[in-house]
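Student: Under our numbering, the first residue of the sequence shown is numbered 1450, with each subsequent residue one higher.
Keep in mind the hints are simulated off the structure, nothing from the lab.
As the structure is a prediction and not an experimental result, all values here were calculated from the model.
Each residue gets a CB set at the ideal place from its N, CA and C atoms; glycine is no exception.
Among these hints, one or two may not hold up.
[Stated by the list, open to error] Below are the BS3-like pairs computed for lysine-lysine, each with C-alpha atoms no more than 27 Å apart in a straight line:
1) K1765 to K1783
2) K1514 to K1455
3) K1719 to K1783
4) K1719 to K1746
5) K1629 to K1452
6) K1629 to K1758
7) K1629 to K1545
8) K1758 to K1746
9) K1514 to K1544
10) K1666 to K1717
11) K1513 to K1783
12) K1783 to K1746
13) K1513 to K1544
14) K1455 to K1666
15) K1606 to K1566
16) K1514 to K1762
17) K1758 to K1680
18) K1719 to K1680
19) K1758 to K1566
20) K1762 to K1783
21) K1719 to K1514
22) K1719 to K1669
23) K1717 to K1770
24) K1762 to K1746
25) K1770 to K1746
26) K1452 to K1783
27) K1669 to K1680
28) K1765 to K1566
29) K1544 to K1680
[What the hints assert, rightly or not] Label pairs and their in silico Cβ distance ranges:
30) G1729 to Q1613: 22 to 30 Å
31) T1558 to K1746: 37 to 45 Å
32) L1597 to N1462: 29 to 37 Å
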Amino acid sequence: MNKPEKLVEEYRNGILECVHFGHIAIVSPEGLKYSVGINDDVMFYRSASKPVQALPVIHMELDKKYGLTEEEVTIMSGSQRCEFVHVEVIESLIKKTCINEEILIMCPTYPLDPLTKEEMLRRNMPPRKIYHNCIGKHIACILLQRELGGYEEEYWKLDSPAQQLIMDFIAQVSEYPREKIKTGVDGCGVPVFAVPLQYIANTFLRLACPELIKDTKLSKTVERNSSLMNKYPRLISGSNAICTLLNEDDNIVAKGGALGVYCFGLRKEKLGVAYKVEDGSYDELPLIAATILEYIKYDSRETIERILKHFPKEIKNDCGKIVGEYVPVFNLEKRGREQ
1450 MNKPEKLVEE
1460 YRNGILECVH
1470 FGHIAIVSPE
1480 GLKYSVGIND
1490 DVMFYRSASK
1500 PVQALPVIHM
1510 ELDKKYGLTE
1520 EEVTIMSGSQ
1530 RCEFVHVEVI
1540 ESLIKKTCIN
1550 EEILIMCPTY
1560 PLDPLTKEEM
1570 LRRNMPPRKI
1580 YHNCIGKHIA
1590 CILLQRELGG
1600 YEEEYWKLDS
1610 PAQQLIMDFI
1620 AQVSEYPREK
1630 IKTGVDGCGV
1640 PVFAVPLQYI
1650 ANTFLRLACP
1660 ELIKDTKLSK
1670 TVERNSSLMN
1680 KYPRLISGSN
1690 AICTLLNEDD
1700 NIVAKGGALG
1710 VYCFGLRKEK
1720 LGVAYKVEDG
1730 SYDELPLIAA
1740 TILEYIKYDS
1750 RETIERILKH
1760 FPKEIKNDCG
1770 KIVGEYVPVF
1780 NLEKRGREQ
């Protein structure tokens, strides 16, 4: 079993101040291609699984049943910061599907986006459950539970029809045995799934390259959902978020999760990438993505520069002064046939 390896170091005035360890897995259709500190331990997808959890809605044509727009379908794959553009889509989705906001399991909250939150407070708007950043996933689960004949109020339970169907899709897209998938409870109250990091990368390889999926109907479902993520990237997260910046590139399908999880797939290169920062830090995730793209000589310099523009290597203090830098220090080890 490999231990986590150094991914990023933080320096302040040239002095090493912090080290972030973690794991990276990059897969091709032939298997594991590059790795850093990878082992067979299972890791939680956290919200990186949302593009898979949304698939059954399309697969069962519930979008057609309820007359959903492309934006309303897309938002089910995202972790919205609930800017007003997100709120508008979510409110329309709730209305069309006649979902009772009270059955949502999470507590009322305000949006993660600080500007939207401030504006709501100025307007004396109360917190609501639909402002939670996992609202799209919860709506998808409720629609599945309803269609499968389960009690809508129990959509969050692991043994519910909705969650069992979602686990089927996790197994199919990741190609990890269903009986080996581990579970926990996510921050928003629904089940969260855990598989080895290589299989999380495998998931994103197939989200980007659905032609690798043997089941024709599932392949078409994945193709549609992934294309919507590219068409409406802001609905996957928010303005200038790393998910938005990556999904703006039509060659990339990307989604992150809590506590240091990030994943993306590359269509033309036929690669799936997943990594986990052990300490759960978020700040280093964009730099790691940019570094991986540079390492594989990704041909869209524009995408890399867009990431580094919004998430620079320089560390600034509260006065806006550069006081240090993030330095990527990992080396991708070639594996399998690539050795």
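Student: Does each hint hold? Answer for all of them.
Tutor: Hints versus structure:
For a cut-off of 27 Å, the pair hint linking K1765 to K1783 is broken: about 35 Å separates their Cα positions. Between K1514 and K1455 the CA atoms are separated by roughly 49 Å; this puts the pair beyond 27 Å, and the hint is violated. This hinted pair checks out: K1719 and K1783 have alpha carbons roughly 16 Å apart, not beyond 27 Å. Simply put, K1719 and K1746 have alpha-carbon atoms about 14 Å apart, close enough for the 27 Å limit, and the pair holds.
Our distance criterion of 27 Å between C-alpha atoms is met by K1629 and K1452, whose separation comes to about 22 Å. Proximity of K1629 to K1758 is assessed by CA-CA distance (about 41 Å); at most 27 Å being required, the pair is judged violated. For a cut-off of 27 Å, the pair hint linking K1629 to K1545 is broken: about 37 Å separates their Cα positions. For a cut-off of 27 Å, the pair hint linking K1758 to K1746 stands: about 19 Å separates their Cα positions.
Of the pairs offered as hints, the one joining K1514 and K1544 holds, with about 14 Å between alpha carbons and a cut-off of 27 Å not exceeded. Annotation: proposed proximity of K1666 to K1717 holds, straight-line Cα distance about 22 Å (limit 27 Å). Between K1513 and K1783, the direct Cα distance comes to roughly 45 Å. Violation of the 27 Å bound is thereby established for this hinted pair. Restraint check for K1783 and K1746: satisfied, since their Cα atoms lie roughly 15 Å apart, inside the 27 Å limit.
For the proposed pair K1513 and K1544, the alpha carbon gap of about 15 Å is at most 27 Å, so the pair holds. Distance hint between K1455 and K1666 is unfulfilled; the C-alpha atoms sit about 41 Å from each other, more than 27 Å. Proposed proximity of K1606 and K1566 is contradicted: the alpha carbons are some 30 Å apart, above 27 Å. Between K1514 and K1762 the CA atoms are separated by roughly 47 Å; this puts the pair beyond 27 Å, and the hint is violated.
A C-alpha spacing of about 22 Å is found between K1758 and K1680, which places the hinted pair at or below 27 Å, so the restraint holds. At most 27 Å may separate the alpha-carbon atoms for a hinted pair to count; K1719 and K1680 meet this at roughly 20 Å. For the given pair, K1758 sits about 25 Å from K1566 by alpha-carbon distance, which is consistent with the 27 Å threshold. Distance check on the hinted pair: K1762 and K1783 sit about 26 Å apart at the alpha-carbon level, within 27 Å; holds.
Note on K1719 and K1514: the hinted pairing is violated, with a Cα-Cα distance of about 34 Å set against a maximum of 27 Å. A C-alpha spacing of about 17 Å is found between K1719 and K1669, which places the hinted pair at or below 27 Å, so the restraint holds. For the proposed pair K1717 and K1770, the alpha carbon gap of about 40 Å is over 27 Å, so the pair is violated. Distance check on the hinted pair: K1762 and K1746 sit about 19 Å apart at the alpha-carbon level, within 27 Å; holds.
A C-alpha spacing of about 32 Å is found between K1770 and K1746, which places the hinted pair above 27 Å, so the restraint is violated. Restraint check: the Cα-Cα separation between K1452 and K1783 comes to about 17 Å, which is no more than 27 Å; the hinted pair holds. Taken as a hint, the K1669 and K1680 pair is honoured in the structure, with Cα atoms around 16 Å apart against an allowance of 27 Å. The straight-line distance between the Cα atoms of K1765 and K1566 is roughly 25 Å, inside the 27 Å bound, and the hint therefore holds.
About 23 Å separates the Cα atoms of K1544 and K1680, which keeps this hinted pair within 27 Å; it holds. Between G1729 and Q1613 the CB atoms are about 29 Å apart, so this pair conforms to the stated range of 22 to 30 Å. As the Cβ distance of T1558 to K1746 is approximately 42 Å, the hint placing it in 37 to 45 Å holds. At about 58 Å, the CB distance of L1597 to N1462 disagrees with the hint of 29 to 37 Å.
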